[in-house]
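Trainee: Same order as they appear, the protein sequences are chains A and B.
First residue of the first sequence? That's 0 in numbering that gives the first Met the number 0, and the numbers climb one at a time after it.
First residue of the second sequence? That's 0 in numbering that gives the first Met the number 0, and the numbers climb one at a time after it.
Just so you know, the hints here were simulated from the structure itself, not pulled from any lab data.
For every residue, glycine included, the Cβ atom is placed at its ideal position computed from N, Cα and C.
Check before you lean on any hint, since a few could be wrong.
[Unchecked claim] Partial list, derived from the structure: chain A residues whose beta carbon lies under 10 Å from chain B:
(1) 52
(2) 57
(3) 59
(4) 78
(5) 81
(6) 82
(7) 106
(8) 109
(9) 112
(10) 113
(11) 114
(12) 208
[What the hints assert, rightly or not] The calculated lysine to aspartate or glutamate pairs, modelled on EDC-like cross-linking and capped at a C-alpha distance of 20 Å, are:
(13) 31(B) to 24(A)
(14) 103(B) to 91(B)
(15) 222(A) to 97(A)
(16) 31(B) to 97(A)
(17) 77(A) to 91(B)
(18) 77(A) to 220(B)
This is what each chain is made of:
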Amino acid sequence: MNNTLIQFSQVSHRYPGGAGDVLSDVNFELEAGEMAFLTGASGAGKSTLLRLIALLARAHRGQVVVAGTNLAHVKSAKVAAYRRQVGMIFQNFNLLYDRSVFDNVALPLVIRGHAHLDIARKVRAALDTVGLLHRERSMPLTLSGGEQQRVGIARAVVTKPMLLLADEPTGNLDPEMAWDVMKLFERFNDVGVSVLVATHAIDLVERLGKRVIHLEAGRVTDKRPVAASRVSLAEAH
Amino acid sequence: MARATDQAEAKPGFLTRLTQDHARVFFFSLGKLVNAPGNALFTAAVIGIALALPASLQLAVNNFQRLSYSWQGSVQMSLFLKGTVDEARGRDLATELSKYGSVKSTQYLSREQSAAEFREFSGFGEALDLLDANPLPAVIVVTPLPGRNAAQMAELSGMLSALPEVELAQLDQHWLERLDAILRILQRVGLLVGALLSVAVLVIVGNTLRLDVEARREEIEVMKLIGAPDSFVRRPFLYGGCWLGLLGGWFALLLLTLGLFVIDRPAQELAALYGSSFRISGPTTSTVLGIVAGGVVLGWLGAWWTVAKHLSAIQPR
Numbered sequence: 000m001n002n003t004l005i006q007f008s009q010v011s012h013r014y015p016g017g018a019g020d021v022l023s024d025v026n027f028e029l030e031a032g033e034m035a036f037l038t039g040a041s042g043a044g045k046s047t048l049l050r051l052i053a054l055l056a057r058a059h060r061g062q063v064v065v066a067g068t069n070l071a072h073v074k075s076a077k078v079a080a081y082r083r084q085v086g087m088i089f090q091n092f093n094l095l096y097d098r099s100v101f102d103n104v105a106l107p108l109v110i111r112g113h114a115h116l117d118i119a120r121k122v123r124a125a126l127d128t129v130g131l132l133h134r135e136r137s138m139p140l141t142l143s144g145g146e147q148q149r150v151g152i153a154r155a156v157v158t159k160p161m162l163l164l165a166d167e168p169t170g171n172l173d174p175e176m177a178w179d180v181m182k183l184f185e186r187f188n189d190v191g192v193s194v195l196v197a198t199h200a201i202d203l204v205e206r207l208g209k210r211v212i213h214l215e216a217g218r219v220t221d222k223r224p225v226a227a228s229r230v231s232l233a234e235a236h
Numbered sequence: 000m001a002r003a004t005d006q007a008e009a010k011p012g013f014l015t016r017l018t019q020d021h022a023r024v025f026f027f028s029l030g031k032l033v034n035a036p037g038n039a040l041f042t043a044a045v046i047g048i049a050l051a052l053p054a055s056l057q058l059a060v061n062n063f064q065r066l067s068y069s070w071q072g073s074v075q076m077s078l079f080l081k082g083t084v085d086e087a088r089g090r091d092l093a094t095e096l097s098k099y100g101s102v103k104s105t106q107y108l109s110r111e112q113s114a115a116e117f118r119e120f121s122g123f124g125e126a127l128d129l130l131d132a133n134p135l136p137a138v139i140v141v142t143p144l145p146g147r148n149a150a151q152m153a154e155l156s157g158m159l160s161a162l163p164e165v166e167l168a169q170l171d172q173h174w175l176e177r178l179d180a181i182l183r184i185l186q187r188v189g190l191l192v193g194a195l196l197s198v199a200v201l202v203i204v205g206n207t208l209r210l211d212v213e214a215r216r217e218e219i220e221v222m223k224l225i226g227a228p229d230s231f232v233r234r235p236f237l238y239g240g241c242w243l244g245l246l247g248g249w250f251a252l253l254l255l256t257l258g259l260f261v262i263d264r265p266a267q268e269l270a271a272l273y274g275s276s277f278r279i280s281g282p283t284t285s286t287v288l289g290i291v292a293g294g295v296v297l298g299w300l301g302a303w304w305t306v307a308k309h310l311s312a313i314q315p316r
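Could you build the full structure based on these sequences and the hints that come with them?
Mentor: This is the structure in structure tokens:
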């Protein structure tokens with residue numbers, strides 16, 4: 000068994016009724032235990048690529064293989080079980096606002112049928128990791144954006160998934176919170192979790208110095224993203 | 000951060016997990032109901048009315064049946080004796096029969112007494128005068144004990160007609176048979192109304208839960224995003240349907256009790272006018288259980304039907 004966790008081979012995708020391919024002929028690999036950033040302008044196909052990995056959509060052409068499984072062969076009844084192997088983090092946090100922080104983080108464990116004591120222990124460990132142990136009884140809306148995102152991250156990692164996918168996790172956060180969140184991803188990666196983060200925060204990407212997969216109009220290119228702070232500068236040249 | 004170290008996760012066994020999850024959903028859905036009872040109570044009231052209608056029909060039929068049984072006891076049976084049986088034997092037989100288990104009393108009418116009664120009551124007295132001899136047989140009038148049902152009466156009648164002295168045993172209960180037939184029709188009507196209103200309950204529960212599913216669309220999307228299987232997403236709604244059905248069943252029982260309370264006194268007065276001590280009887284234990292269980296089952300079915308349809312339509316974007 001090789002060490003490749005995610006493999007895209009000549010993957011193309013278009014949405015029904017869409018004008019053209021959102022992704023065309025995408026090839027890339029992510030090693031197990033690797034952390035990479037997915038960059039590109041809005042509409043370049045970052046979210047679509049993550050959706051294909053999470054089986055929220057299926058590739059029209061080419062094949063996506065995750066942990067040795069060809070996703071084209073995962074039956075719809077097995078999609079939920081597949082998704083439980085992946086931790087997902089969203090730009091809008093996707094928390095359940097009628098339950099406490101604790102209950103939000105506990106949800107993936109409840110779905111998996113863990114025992115109550117086990118759940119309490121694991122949830123507290125996850126909340127401790129993201130530094131929110133003291134807020135376990137709070138309702139999500141009483142938290143700041145950065146804290147809500149950390150709850151989302153705790154929920155994603157509480158089941159110790161092999162892979163974390165994050166779609167614009169810092170899109171709604173101020174720079175300081177964004178940096179905390181990115182450092183958090185780096186810490187998870189340090190203990191062996193593979194991480195793929197789609198982001199516009201180029202300055203953070205550059206500071207972390209991880210591999211960058213850059214998309215332009217649905218294709219992977221060798222070009223490098225330009226940080227927002229330097230866009231006008233680059234255009235002047 | 001201890002990651003990927005405890006691979007052998009100590010998950011409880013299948014049965015424990017199932018029990019734990021059902022207990023959790025039980026309290027979760029009950030909590031939702033208690034926290035926002037308005038809509039649910041309204042739905043439960045409608046279900047209650049729908050369940051109370053067929054149940055009250057059934058109750059009415061049961062009571063009429065009891066009434067017809069008690070009337071059955073007042074029915075008399077006429078044993079027409081053979082011409083060869085003389086008066087002394089006839090009187091002996093009447094005395095013998097009065098000692099039978101299900102017989103209350105007997106009365107012997109000789110041929111002459113029969114003729115006299117015929118003259119008095121039939122209005123065809125002159126017809127007898129045209130005949131040479133008295134054509135009427137001697138009769139033993141048998142009054143059965145009260146409270147016998149149709150089958151017991153038929154058995155008694157069969158036994159009496161088999162006696163060697165008896166030419167013909169006549170049981171005058173045609174009108175009771177007619178009442179029985181009418182009650183059978185009413186029973187069928189009750190079943191039909193019950194079936195139709197059960198469908199109505201399914202629709203009511205379905206509609207309430209459809210709105211519930213819509214209101215919780217985001218929550219459902221999030222759950223599907225983090226890998227919740229359909230059964231997990233569905234379960235709270237199924238429990239919600241059961242709660243609605245249970246509340247509806249209780250409401251139906253409440254309505255029935257109120258109805259009985261309102262009707263009881265006039266019914267008693269009516270019975271008194273007929274010199275009867277008949278009282279309307281309430282639903283039996285099995286009827287009560289049937290109404291409540293029926294409500295729960297219908298709630299569950301309605302929930303399943305609507306949730307299966309609408310949950311699959313909600314996919315995370």
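Trainee: Next step is simple, just say for each hint if it's right about the structure.
Mentor: Going through the hints against the structure:
no., hint, in the structure
1, 52, "violated, 13 Å"
2, 57, "violated, 12 Å"
3, 59, "violated, 17 Å"
4, 78, "holds, 8 Å"
5, 81, "holds, 8 Å"
6, 82, "holds, 4 Å"
7, 106, "holds, 7 Å"
8, 109, "holds, 7 Å"
9, 112, "holds, 4 Å"
10, 113, "holds, 6 Å"
11, 114, "holds, 5 Å"
12, 208, "violated, 21 Å"
13, 31(B) to 24(A), "violated, 49 Å"
14, 103(B) to 91(B), "holds, 16 Å"
15, 222(A) to 97(A), "violated, 44 Å"
16, 31(B) to 97(A), "holds, 11 Å"
17, 77(A) to 91(B), "violated, 88 Å"
18, 77(A) to 220(B), "holds, 17 Å"
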